[in-house]
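J.: What follows is the residue order along each chain.
Number of protein chains: 2
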Amino acid sequence: MKLYDNTLAPNPRRVRMFLAEKGIAVPLVPVDLLTGEHKQPAYRKIAPNSRVPALELDDGTIILESVAICRYFEGLQPDPPLMGIGVLDAAVVEMWQRRMEFELLIPMAMTFRHTSPMMAMLEDQVPEFGEKQRVVANKRLGTMDRELADREFIAGPRFTIADITAFTTIDFFKLAGFEITPEQRNLRRWYDAICARPSAKA
Amino acid sequence: MKLYDNTLAPNPRRVRMFLAEKGIAVPLVPVDLLTGEHKQPAYRKIAPNSRVPALELDDGTIILESVAICRYFEGLQPDPPLMGIGVLDAAVVEMWQRRMEFELLIPMAMTFRHTSPMMAMLEDQVPEFGEKQRVVANKRLGTMDRELADREFIAGPRFTIADITAFTTIDFFKLAGFEITPEQRNLRRWYDAICARPSAKA
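Respectively, the protein sequence lines represent chains A and B. According to this note's numbering, the first sequence is numbered sequentially starting from 151. According to this note's numbering, the second sequence is numbered sequentially starting from 151.
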């Protein structure tokens, strides 16, 4: 088994953090996004969509998509549970994981892709769209701060994959100018707590 | 238990189709998107993000996000399996479900939101962005046609939630001008087969 990885991109970090929480070690194969290795035929045979991460099993089976890779490891090694305990909790955790993706990760990613000079070479930018997405993402940070007033983690009383998605998103998109404001004390408390976990260094 | 629903929108249809495949009946509560009922305080207490569908359990627990709602029913009634059989297959199905969301649904939805006159009142449109997303989505339809050359369904030999996501997406976004071309014979064969399932009328 091997995990095609990149230490600069946010999605591979989601999987590395998930694996670190479970104490699972998987050999990493670096993919150099800066030289465009992900768009070369060799990597496109593994991941036709050129995305990282990708998990290759010993029989050659490929699993793409960070959350699908995490689901695989959750099934192989349920402990500690990061995707819910039982039917209802699994649905609630999936809801929050997805809300963090659609309401936070995507608007921040769109802002970054469409406004950052770093992405000008790679992306056919529409800055007007990016700036509108910045407003959406910043509003969601405010909502998160209120949501975290009465619960310890994103999906409730336990650390889950929803925290990993939200934390790696906020951490990475500092690059696009996003930040937790001094007034967002619940969000700051949560962020600092996640940041202090050993898995945050994965 | 009740499902907040809307018959015009594509996401509630994903859940209705999933339930129809399982033979599960859930009382539906219509939410009128045309009059903005989803943005009123009463519905926002149920779904703070104003999205449909939303599942309300008898104890008041709310599950948002179509795929999380499907996951809940998959757990309650595993047969017929629509989200994979066993650990590896569940990951593969999740990969395809997500690829259909990120590579097809989102580009088509962005095209519709940012270019359709129907959405001009509701969305702060950036037509330039929408037209670029149209190219991305059409390219993905071409890729799907090639992928379906050697398999019956999106995720392999069995019908899954990935087919539901892709089918309801292609069907709905005809509204934005998307269509299967005469050359896309594999895609057409797949589409017609899904369309003929009784659940497609749900």
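It cannot be assumed that every hint is accurate.
Identical chains blur together in the list; that is why a pair holds if it fits in one copy or across any two.
[What the hints assert, rightly or not] Listed below are the simulated SDA-like cross-link pairs for lysine to any residue, each with C-alpha atoms no more than 20 angstroms apart in a straight line: (1) K282 - K324; (2) K282 - A270; (3) K195 - D300; (4) K282 - A343; (5) K282 - R263; (6) K289 - S349; (7) K282 - T157; (8) K289 - Q190; (9) K152 - V237; (10) K195 - R301; (11) K189 - A240; (12) K152 - D321; (13) K282 - I256; (14) K195 - P332; (15) K195 - A170; (16) K152 - D274; (17) K152 - G210; (18) K324 - A159; (19) K282 - G210; (20) K282 - M269.
Derived by calculation from the structure, the hints in this document are not laboratory data.
J.: Hint by hint, note whether the structure agrees.
T.: How the hints compare with the structure:
no.	hint	result
1	K282 - K324	within (17 angstroms within a copy, 26 angstroms between copies)
2	K282 - A270	both (18 angstroms within a copy, 15 angstroms between copies)
3	K195 - D300	between (46 angstroms within a copy, 17 angstroms between copies)
4	K282 - A343	neither (30 angstroms within a copy, 40 angstroms between copies)
5	K282 - R263	both (13 angstroms within a copy, 14 angstroms between copies)
6	K289 - S349	neither (28 angstroms within a copy, 38 angstroms between copies)
7	K282 - T157	neither (29 angstroms within a copy, 29 angstroms between copies)
8	K289 - Q190	between (38 angstroms within a copy, 18 angstroms between copies)
9	K152 - V237	between (30 angstroms within a copy, 17 angstroms between copies)
10	K195 - R301	between (43 angstroms within a copy, 18 angstroms between copies)
11	K189 - A240	neither (35 angstroms within a copy, 27 angstroms between copies)
12	K152 - D321	neither (25 angstroms within a copy, 38 angstroms between copies)
13	K282 - I256	both (12 angstroms within a copy, 17 angstroms between copies)
14	K195 - P332	neither (46 angstroms within a copy, 28 angstroms between copies)
15	K195 - A170	neither (28 angstroms within a copy, 37 angstroms between copies)
16	K152 - D274	neither (32 angstroms within a copy, 43 angstroms between copies)
17	K152 - G210	within (10 angstroms within a copy, 43 angstroms between copies)
18	K324 - A159	within (13 angstroms within a copy, 34 angstroms between copies)
19	K282 - G210	neither (42 angstroms within a copy, 35 angstroms between copies)
20	K282 - M269	both (17 angstroms within a copy, 16 angstroms between copies)
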